[in-house]
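> Chains A and B, in that order, are what the protein sequence lines are. This note's numbering numbers the first residue of the first sequence as 1 and each following residue consecutively. This note's numbering numbers the first residue of the second sequence as 1 and each following residue consecutively.
Each hint should be verified, as a subset may be incorrect.
Computed list of lysine-lysine pairs in DSS-like fashion (alpha-carbon distance at most 30 Å, straight line) [as the list claims (entries may be wrong)]:
1) B/Lys258 / A/Lys128
2) A/Lys11 / B/Lys6
3) B/Lys162 / B/Lys206
4) B/Lys284 / A/Lys11
5) A/Lys95 / A/Lys70
6) A/Lys11 / B/Lys4
7) B/Lys378 / B/Lys406
8) A/Lys70 / A/Lys125
9) B/Lys110 / B/Lys159
10) B/Lys258 / A/Lys183
11) B/Lys202 / B/Lys159
12) B/Lys162 / B/Lys205
13) A/Lys96 / A/Lys183
14) B/Lys284 / B/Lys6
15) B/Lys159 / B/Lys205
16) A/Lys128 / A/Lys95
17) B/Lys162 / B/Lys12
18) B/Lys258 / A/Lys70
Please keep in mind that the hints were generated in silico from the structure rather than gathered at the bench.
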Amino acid sequence: MTNAVKIMKSKWPVLAAVLTGIILMLAVWPGGMIRRDVEITSGGNNPYGYSAELTTGEVYEQYFVAMGDKLCEHSVAFSTAGDISDDLVLRYELKKENGEVLYTEDLFAGDIRYSEYQTFIPDVKLKKNALYSFSITAVSGSENLTVVCTPLPVDYAPGFRHMTVDGNAVTYTMYSSFMYDMKLNAANTIFTWLTIWLVIAALVEVCLLRKSGKENSSKLS
Amino acid sequence: MLSKIKTLSEDKRVQNIIFALWFIASVIIFVTLQYGIGVDYDESFTWDLVVCKNFPEMIRATAEDVHPPLYYLIGKLFVAVFGASIQTLLWDSVVQALLTCILSWVYVRKNWGWKCALLFNTVVLFAPYQLHYNLNMRMYSLMNLLAMGVIFLSLEVIKEGKTHQFVLLYVFSILSVYTQYFAVLPVVVCYVWLAVIMLKNKDFKKFRSLFIVGALDVITFFPWLIYGMKNLGIGPEGRVENYRFKFTPWEIVHTFFKCNLENYEIIAMIVLALALVCFILTWKRFSGTEQSFLVMLIINSIFCIYVSQWIGSLNGHDFGMRYIIYVYLFFWLFMIFVFSRAGSATFTLLAAWALVLCLSSYRVEHAYEYDTTPLMPKTMAFIEENISPDDLVVYDYNEGFYMIWKYYMPENELLSFFNMDLEEMRGRTFWFLNLNGTEFSKEDMEKYGITVEKYSDMGFMGMERFDFWKVTVAE
Numbered sequence: 001m002t003n004a005v006k007i008m009k010s011k012w013p014v015l016a017a018v019l020t021g022i023i024l025m026l027a028v029w030p031g032g033m034i035r036r037d038v039e040i041t042s043g044g045n046n047p048y049g050y051s052a053e054l055t056t057g058e059v060y061e062q063y064f065v066a067m068g069d070k071l072c073e074h075s076v077a078f079s080t081a082g083d084i085s086d087d088l089v090l091r092y093e094l095k096k097e098n099g100e101v102l103y104t105e106d107l108f109a110g111d112i113r114y115s116e117y118q119t120f121i122p123d124v125k126l127k128k129n130a131l132y133s134f135s136i137t138a139v140s141g142s143e144n145l146t147v148v149c150t151p152l153p154v155d156y157a158p159g160f161r162h163m164t165v166d167g168n169a170v171t172y173t174m175y176s177s178f179m180y181d182m183k184l185n186a187a188n189t190i191f192t193w194l195t196i197w198l199v200i201a202a203l204v205e206v207c208l209l210r211k212s213g214k215e216n217s218s219k220l221s
Numbered sequence: 001m002l003s004k005i006k007t008l009s010e011d012k013r014v015q016n017i018i019f020a021l022w023f024i025a026s027v028i029i030f031v032t033l034q035y036g037i038g039v040d041y042d043e044s045f046t047w048d049l050v051v052c053k054n055f056p057e058m059i060r061a062t063a064e065d066v067h068p069p070l071y072y073l074i075g076k077l078f079v080a081v082f083g084a085s086i087q088t089l090l091w092d093s094v095v096q097a098l099l100t101c102i103l104s105w106v107y108v109r110k111n112w113g114w115k116c117a118l119l120f121n122t123v124v125l126f127a128p129y130q131l132h133y134n135l136n137m138r139m140y141s142l143m144n145l146l147a148m149g150v151i152f153l154s155l156e157v158i159k160e161g162k163t164h165q166f167v168l169l170y171v172f173s174i175l176s177v178y179t180q181y182f183a184v185l186p187v188v189v190c191y192v193w194l195a196v197i198m199l200k201n202k203d204f205k206k207f208r209s210l211f212i213v214g215a216l217d218v219i220t221f222f223p224w225l226i227y228g229m230k231n232l233g234i235g236p237e238g239r240v241e242n243y244r245f246k247f248t249p250w251e252i253v254h255t256f257f258k259c260n261l262e263n264y265e266i267i268a269m270i271v272l273a274l275a276l277v278c279f280i281l282t283w284k285r286f287s288g289t290e291q292s293f294l295v296m297l298i299i300n301s302i303f304c305i306y307v308s309q310w311i312g313s314l315n316g317h318d319f320g321m322r323y324i325i326y327v328y329l330f331f332w333l334f335m336i337f338v339f340s341r342a343g344s345a346t347f348t349l350l351a352a353w354a355l356v357l358c359l360s361s362y363r364v365e366h367a368y369e370y371d372t373t374p375l376m377p378k379t380m381a382f383i384e385e386n387i388s389p390d391d392l393v394v395y396d397y398n399e400g401f402y403m404i405w406k407y408y409m410p411e412n413e414l415l416s417f418f419n420m421d422l423e424e425m426r427g428r429t430f431w432f433l434n435l436n437g438t439e440f441s442k443e444d445m446e447k448y449g450i451t452v453e454k455y456s457d458m459g460f461m462g463m464e465r466f467d468f469w470k471v472t473v474a475e
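Produce the complete structure using the sequences and hints provided.
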């Protein structure tokens, strides 16, 4: 009697295993039980580029297209050319294309670290492929504080678009990193599904055939 | 129809045709990854030894390095025959990986069937971690070939014990330890396993042959070991303070299965654990020799991972999991063998799972070859136009890694920023390759009358952008 026939004869455990597999597959996709963090960045891990000095009240605005439907974290690179003013208030705003503010966060002097990304946590839902912007404004105490930018083309990094300073277009892009929370893409979904079925198939074949008492030491031909 | 296919697949000639087609396809895939315009830090060391040094200089340099000379000797042979280029040394590594596949086609097919052999070969060439080091101008693909040779021949010696198998065991053992010092570990485990089995079976004839082979290994390797050990700095003086050991399963799979798939660490641990569970549950499906072979693979893997790191902690040189890259193949051989006995559905799903990993690995490697070099043409053109071979180039990186700058600017004098005496630089103009954002202090700028012209957004393969500064120090 072949292994396949023996398996089919033990139909109820096999059906239960198949049903479990299908439920787990659907939970992964489209259920979205397992998600992934995707980072889209316009710069490397060590921001070291062109520094644009902030002036009090000046609005640095970077436009971008949302690459996912949920923005968890957003990091922007700053640098200091000397001692920062104790009066510093740095305002971060995340906006829709029409200017509606989705998220605001203020940073103060003690929050700024030299040549590092400062992380904001908007944790907002976005519409994928829609245009948004984030702005950095030194509300007060802007001395010696710079925003780190790259003079590479605006489309150098995926999703990044043009940048303005007080509404005037400039030829550089802010060093910035978006962290999106997304469902698994096709490759990851297939990989996860295969893992589920590998586990189920192994346990079914091993346990059922073990139960049937069939011992087979022949090699897989 | 299915029975006809089954009959055909049992024909060794058909299997060989399938292998030949697979082999040709693999070579074509490697061709698509041969952009080959840049080197990493370790590859520049290979280039310096193999291309820039003569034979006696190379031997002396390898004795002072953390690796024995065999790989460099083979590299020098390749360069002598095919010319000095990145492609020559990359194909040196690829050929060694392909030889591993031929070896496993003989021995894996013989013991576990052609499907296991084909799957294992696919993993040897294209799995994460493996593909990168098969395309690396270093000794890691050679290590895979030699370590797997020791493993396969150990099994042959136990099962048959013919004279030529003992000879091949000696050859693979001695060549592996002449390639990597850490290769002593899997070789020792294999020999101990063989000795235990032979003594348990009271097979004293084989034990005597094993003893002779082992003695020959020691005699042949001992002179180099003494010569090289003096320079390895192993001991209390070389001990690395607060060395961080990578012992957890997560850290091990994080390195060995690294790819662009989500949660690959957890998934790899699940599949490895599943293989262990299946091995236990299907224990009786394996013969006595197979059981002990698989147990030996587990012990060998654990031994290599832990002991190699302990040795690495005694030596000032940073330890990398790549030094025991063959352990990754031990994992795969174990999984393939165990799942092939679990059943055909399990094996087929393992093959599909492995294929997805290999595809991910290909994408990552393709991106590494082609997407981490966007600034290279601009940088090379800048060097060509602006930096004369007589110019001094200062760099702000670890002095031990100067060879990578030497690869790109072979005729220039190189000096580490941290060893530079500005007093001696008075009246000179030099180039500063600024990778880490090092600045001259305000005091030095004023005291030495330093002027700087900055040229930004330069880059070599795989590294962060750097600047070239043209620095002039006043008289």
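> Each hint should be assessed against the structure and marked as holding or not.
Structure-based check of each hint:
no.: 1; hint: B/Lys258 / A/Lys128; verdict: holds, 29 Å
no.: 2; hint: A/Lys11 / B/Lys6; verdict: holds, 26 Å
no.: 3; hint: B/Lys162 / B/Lys206; verdict: holds, 9 Å
no.: 4; hint: B/Lys284 / A/Lys11; verdict: holds, 25 Å
no.: 5; hint: A/Lys95 / A/Lys70; verdict: holds, 14 Å
no.: 6; hint: A/Lys11 / B/Lys4; verdict: holds, 29 Å
no.: 7; hint: B/Lys378 / B/Lys406; verdict: holds, 18 Å
no.: 8; hint: A/Lys70 / A/Lys125; verdict: holds, 4 Å
no.: 9; hint: B/Lys110 / B/Lys159; verdict: holds, 12 Å
no.: 10; hint: B/Lys258 / A/Lys183; verdict: holds, 20 Å
no.: 11; hint: B/Lys202 / B/Lys159; verdict: holds, 14 Å
no.: 12; hint: B/Lys162 / B/Lys205; verdict: holds, 11 Å
no.: 13; hint: A/Lys96 / A/Lys183; verdict: holds, 23 Å
no.: 14; hint: B/Lys284 / B/Lys6; verdict: holds, 26 Å
no.: 15; hint: B/Lys159 / B/Lys205; verdict: holds, 14 Å
no.: 16; hint: A/Lys128 / A/Lys95; verdict: holds, 14 Å
no.: 17; hint: B/Lys162 / B/Lys12; verdict: holds, 23 Å
no.: 18; hint: B/Lys258 / A/Lys70; verdict: holds, 26 Å
Of the numbered hints listed earlier, not one is contradicted by the structure.
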